[in-house]
Amino acid sequence: MADLKVKIQKLELKNPVMTASGTFGYGEEYTDFFDISKLGGIIVKGITIKPREGNPYPRMAETASGMLNAVGLQNKGVDYFIKNIYPEIKNYNTNIIVNINGSTIEEYIQVAEKINELDKIPAIELNISCPNVKEGGMAFGTNRLSAMAVTKAVRKAYNKTLIVKLSPNVTDITEIAKAVEGAGADSISLINTLLGMAINAETRRPVLSTITGGLSGPAVKPVALRMVWQVYKAVKVPVIGLGGIMNASDVIEFIIAGASAIQVGTANFIDPQITVKIINGIEEYLNRHKIDSITELIGALEV
Amino acid sequence: MKKIHDFNVYANHRLNSDTFILELKAPEKLPEIFPGQFAQLKINNHPQVFLRRPFSIHDVDYEKNTISFFIKIIGKGTRSLQKLNKKNSINVIYPLGNSFNLPKQNNVLLVGGGTGVAPLLLLSKSLKNKNISPVILIGGHSRNDILQIKEFEKYCKVLITTEDGTLGEKGLVTQHSVFQTHKFPFKKIYTCGPELMMKAIGKFAKKNNIECEVSLENTMACGFGACLCCVVETSEGNKCVCTEGPVFNLKDLKWQI
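Taken in sequence, the protein lines are chains A and B. Going by my numbering, the first sequence opens with residue 1, and the numbers climb by one from there. Going by my numbering, the second sequence opens with residue 1001, and the numbers climb by one from there.
For the record, the hints were derived by calculation from the structure and aren't laboratory data. Careful, some of the hints might be misleading.
[As the list claims (entries may be wrong)] Distance windows between CB atoms, simulated:
(1) R1014/B with M1/A: 48 to 54 Å
(2) L1196/B with R288/A: 55 to 61 Å
(3) G1171/B with R205/A: 27 to 33 Å
[Stated by the list, open to error] Which residues of chain B face chain A? A few of them, derived with a C-beta cut under 7 Å, are:
(4) I1004
(5) P1027
(6) P1031
(7) F1050
(8) C1222
(9) G1225
(10) L1228
Yeah, the Cβ is synthetic: ideal placement off N, Cα and C, and Gly gets one too.
Produce the complete structure using the sequences and hints provided.
The structure is reproduced here in structure tokens:
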């Protein structure tokens, strides 16, 4: 039997399959569909210091092989999470990773400090790439200096595994990757959604209330794969790949490009059991290719 | 509990040029399904249709083990569903969402516009099972749009309006004489249809202090509360139409009516 275990520095995953923030709620939304302890990890919905109502409706537009969203980090705030959600999810037998967000560096620090106190949360994903908020979010992740500053500040406030999630909406993603690595990131996850838009030709109006939104789904996979490969070559820390993964073959491609683990996002909406099928598919691939451990494939691209 | 299964197509028959009933047979005993709940259908083999499509559950037959959907062709997804035949199967996530709250008293009016009648058949049936005889008011553009009358007549008294006057009273549903009577006889209204229609009904209900439940439709990605795309503004903040709806009490919505 092939070994699916991977490591993100100190963080051990039973398999490389995690679920992407904003696509898996707090895990509870999926417990009717499968045993979520089968997952390598769950990145929960993005959390901010104060509750956020998110953006007005409409927040979603279907696109060719994908979707645009403009949810805008709707959540009930970190204190609500700690009091009401954490007790419900802390005993899941998988890695529960919290995606943290802020409008200012100070807000990121405050959330990180509070999450640092939670025993059963082994890692955070620092989101400097949300395209759907007016302040903070992607603004931090598209500038090398601000990406470095927020990573450095959160690194000081948080002593477990720190993953930084990057935006693809930049000229050179390796510059940002190197900057956050230098600032103390343990790992880099990419890509967040690509900024896009949809227009209703009949009404001449934008489909989304925010005009622009984040594109996800298989439409973005080639871009994500390219960026994972570029970042893998540019940094030493483990890379977590995501963007349009729909099946096990997609996962293998990301791992060959250099990802140590991956996240499944939009695909969860279409098939809530997709992650289990993907895990089985990875195992089948490894057995078929007589590979003992998935780690042998990380960055195994032959050029 | 939400389920995900492949259903076989049991029947697919046209009601008019663009509306059809899709009846699907479950691979296992159906769970209890409540009126107002919906399902997410996976559209297969269509490169332009990426997400599932949500449809109200129109009817349930626990003996045949089937659920039916009342579907109007409006785009690529619905057109693709219309082509399904008995050789096909389709993946279904169900039952989703909350349901209508059944009243204790009689004097219930159901108002459906266009495809908004979809969830009202199962509601009529459930009311009848509780010994409540509802009245349903169905509105459409023309007589060809007034569908499933015989089905509704099994459980309700049926009133009709058409905009062109080809069946029932002429005009919009909100112009039906039932709303003009000196003393409106109904104590509760359930409505589903175009938003403008539901708002007009809601306005009447609010003005006359009548309890009103509305079933909303929104574009949604997942249908089970994960994506947070299908929100509606309520007095308690944004709520997901898929999990905290699709049925809302009018008084909880922040509609400007």
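*May I ask you to test the interface hint for I1004/B with respect to chain A, counting a Cβ-Cβ separation under 7 Å as satisfied?*
holds (6 Å)
*Supplied contact hint for G1225/B, tested at 7 Å Cβ to chain A*: holds (5 Å)
*Using Cβ atoms only, decide whether L1228/B comes closer than 7 Å to chain A, and label the hint accordingly.*
holds (5 Å)
*Taking the closest Cβ pair, is P1027/B under 7 Å from chain A?*
violated (15 Å)
*G1171/B and R205/A, beta-carbon distance inside 27 to 33 Å?*
With a Cβ separation near 30 Å, G1171/B and R205/A satisfy 27 to 33 Å, so the hint holds.
*With a cut-off of 7 Å on the beta carbons, see whether P1031/B makes it to chain A.*
Hint on P1031/B: violated, closest Cβ of chain A at ~11 Å, above 7 Å.
*Using the C-beta atoms of L1196/B and R288/A, is the stated range 55 to 61 Å upheld?*
holds (57 Å)
_Assuming the hint says 48 to 54 Å, is it satisfied by the Cβ distance from R1014/B to M1/A or not?_
holds (52 Å)
*asked:* C1222/B was flagged as interface toward chain A. Is the shortest Cβ-Cβ separation under 7 Å?
replied: holds (4 Å)
*asked:* A closest beta-carbon separation below 7 Å is what the hint needs, so does F1050/B meet it against chain A?
replied: OK, holds: F1050/B within 7 Å of chain A, min 6 Å.
Going down the numbered hints, you'll see the structure goes against 5, 6, while the others check out.
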